[in-house]
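Q: The residues making up each chain are set out below.
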Amino acid sequence: MELITSILAIALRAGTSLVYATIGETYTERAGILNLGLEGIMLMGAVCSFATAYYTGSIVLAILVALAVGAAMAAIHAFLTITMRANQVVSGLSITLFGSGFASFLGQRLGPESNNHRLVGLVGPRLKPENLPWLSDIPVLGALFEQDILTYALYVLIPLAWFYLYKTRNGLNLRAIGEDPQTADAMGVDVFKAKFLYTIAGGALVALGGAQLSLSYTPGWSENITGGRGWIVIALVIFSMWNPARAIWGALLFGGINAIQFRLQASGTTIPAGFLNMLPYLTTILVLVAMTFWESLSKRIGAPAALGNAYMREEK
Amino acid sequence: MKRKLAFACVAVASLALVLGGCAKKAEAPAAKAKAYKVAFVYIGPPGDLGWTYEHDRGRKAAVEAFGDKLQTAYMENIPEGPDAARIIRQYAQEGYDMIFATSFGYMDPMLEVAKEFPNTKFEHCSGYKTNANMSTYFGRIEEARYLSGIIAGKATTSNKIGFVAAFPIPEVVRGINGFTLGVRSVNPKAEVRVVWTNTWYDPVKEREAAVALLDAGCDVIAQHQDTVEPQKAAQERGKLSIGYDSDMGKFVGDSVLASPMWNWAVYYKDVIEKGMNGTWKSEQYWKGLSSGVVALSDMSAKVPEDVKKLVNETKDKIASGSLNIFAGPIADQGGKIVVKAGEAVADDKQLSMDWFVQGVVGKVK
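As they're listed, the protein sequences go chains A and B.
Its first residue numbered 1, the first sequence is counted upward by one per residue in the numbering used here.
Its first residue numbered 1, the second sequence is counted upward by one per residue in the numbering used here.
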């Protein structure tokens, strides 16, 4: 029982950054824009928010900076792919290259002169888990209420993101843009404006995912702190089938798998760690296979049909 | 079809960008006529505060020692494998006299390049393949780990010590065994629990592994990883830890009892000097505490005086050769004596070590 509680608590904490980034990328992809720049945006969010927290002492400001940096980086992607109609894969990959390099650079330049490695190894303000009275005493599920503010915010964000996408007029328009921008345009939706908006908002959330790492989960800045989590998010978006409400399950699975396999190892188990490590990726492949095989299924839940295509108004 | 082709081109081009995007830095004093040129290839960033940090400290010490007679350059974040060959070849073509590659996976790429450039000297860290112009070098860090094991064995009250380990390869296994033998020399009841992360450098994973060990009741955390995250995780829980690579107490605090650490300056200065005066020979360098290449950092204020004394005495014994940490009797995990009293694990057996000693909980796999 205690084991389950502690695994759930850790999986949530580890999955939080993934959920933010997954919801962000889901919205971006729903607008028909594939953003492969996640890894770079997360790293930039992590380094900028930590530097802000270190210098100003304000976590709120740090989070705002992360959102702004993510929005700015996504705006570059939006400009290139929507206005200039550049290839989305190329643009996204360049954002990742730019972001990871620039984040390392900032890590070596920001921070006090007295520290040889500048930002690396510094201790700054961090978010601490706060137990919610009453709720955290519930057996097992109490783990949901021993988190920090960024995780609590998810409990609001996930239903909101779902509600907006499926139950509001704007959400309907957004889904229409991802499926068939021509038709959406004919319906009177401002496709370009919407694509810009959702790409930028998505980028802001992705950067917040990165900030959660440097402000809460592994407080402080170390180079390549994301360790490839940006790429996992791309799998998670597929895994959750472009539905923000499902993002939490994938994030729990990916976040929890290390918590579980390390715990099993620590207790001296016989299940090979490699097997557990493989599980989330295997599940993603299975979801993809299922989607490819069952056309009807894929029509209902599959990728936005116009994902990855540049939209030109006059094009037939 | 065209689009697919375009995608493939993009993928290849971007891969080339990723691999080529590794930072290149030359720290050259406006090159004097005949400066000796030395290049370093790093697996991580010098800012990792661990493995690469120590190699870069060694490089800086050499620069300080030789002044403008020496010109150094380094590249960081170089992936192991074929791309390393490109970087090493590039340095050789640029006329560097001696090239250091500081990770195991650079071994084959370096050997390949060494054969192409017979006049350049190649130095590979932690491998086993050599050539007429290629040496290997490494240190017996397990001797320092044995000392840190003594400290951990005395410090634990739960008799459970956690070990966050990177890969199940002989280098790491040897270290865990050396550490555990140190622990059990003062505390035969203690066990060392091992968790494999399958990464040298991943701050998040390293922390998660440490937290799992702490949750399992471990009250001292040791590591064979390149970042300080396991140390920070232990500190946050009010527990103790043993660092690695560098003096991690400097970055984390006195909850780090001591760190087995590398001091490459000793080797780099020596071998560069030999290169300069023409006495360099291909060799397999593998030395321990006696050489100074490996050391135990200063012990934290939290280590009791009598333990400090014991550690220092043991250090002298190992350095003078009167104590061999891999001398029998040594039992394996099943309790079977595998090294009899009066015998010791031979060097070649140490280099291929794939079994744990008694007291380790975990598997080599």
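Everything labelled a hint here was simulated from the structure, so no lab data went into it.
No experiment lies behind these values; they were computed from the predicted model shown.
Where is the CB? At the ideal position from N, CA and C, for every residue including glycine.
Certain hints may be false.
[Claimed, not checked] When the alpha-carbon atoms are kept at most 27 Å apart in a straight line, the in silico DSS-like pairs for lysine-lysine are as follows:
1. B:Lys-250 to B:Lys-69
2. B:Lys-287 to B:Lys-315
3. A:Lys-128 to B:Lys-239
4. B:Lys-239 to B:Lys-287
5. B:Lys-115 to B:Lys-129
6. A:Lys-128 to B:Lys-250
[Said to hold, decoys possible] Distance windows between CB atoms, simulated:
7. B:Leu-351 to A:Gly-268: 53 to 59 Å
8. A:Leu-61 to B:Phe-167: 26 to 32 Å
9. B:Ile-169 to A:Val-140: 34 to 40 Å
10. A:Tyr-152 to B:Pro-188: 45 to 51 Å
11. A:Asn-277 to B:Asp-306: 42 to 48 Å
12. A:Ile-149 to B:Asn-159: 33 to 39 Å
13. B:Pro-82 to A:Tyr-152: 45 to 51 Å
14. B:Leu-351 to A:Asn-131: 47 to 53 Å
15. B:Pro-188 to A:Asn-131: 51 to 57 Å
16. B:Asn-159 to A:Val-140: 27 to 33 Å
17. B:Ser-352 to A:Leu-61: 53 to 59 Å
Q: Against each hint, give a clear statement of whether it holds in the structure.
A: Here is how each hint holds up against the structure:
1. B:Lys-250 to B:Lys-69: 32 Å, violated
2. B:Lys-287 to B:Lys-315: Between B:Lys-287 and B:Lys-315 the Cα gap is close to 14 Å, so the pair holds against 27 Å.
3. A:Lys-128 to B:Lys-239: 18 Å, holds
4. B:Lys-239 to B:Lys-287: Distance ~32 Å between B:Lys-239 and B:Lys-287 Cα, so the pair is violated.
5. B:Lys-115 to B:Lys-129: 12 Å, holds
6. A:Lys-128 to B:Lys-250: 24 Å, holds
7. B:Leu-351 to A:Gly-268: 53 to 59 Å: 27 Å, violated
8. A:Leu-61 to B:Phe-167: 26 to 32 Å: 40 Å, violated
9. B:Ile-169 to A:Val-140: 34 to 40 Å: 39 Å, holds
10. A:Tyr-152 to B:Pro-188: 45 to 51 Å: 47 Å, holds
11. A:Asn-277 to B:Asp-306: 42 to 48 Å: 43 Å, holds
12. A:Ile-149 to B:Asn-159: 33 to 39 Å: 38 Å, holds
13. B:Pro-82 to A:Tyr-152: 45 to 51 Å: About 47 Å separates the Cβ atoms of B:Pro-82 and A:Tyr-152, which means 45 to 51 Å holds.
14. B:Leu-351 to A:Asn-131: 47 to 53 Å: Since B:Leu-351 and A:Asn-131 have Cβ atoms about 51 Å apart, the given range 47 to 53 Å holds.
15. B:Pro-188 to A:Asn-131: 51 to 57 Å: 40 Å, violated
16. B:Asn-159 to A:Val-140: 27 to 33 Å: 30 Å, holds
17. B:Ser-352 to A:Leu-61: 53 to 59 Å: 54 Å, holds
Checked against the numbered hints above, the structure breaks hints 1, 4, 7, 8, 15 and satisfies the rest.
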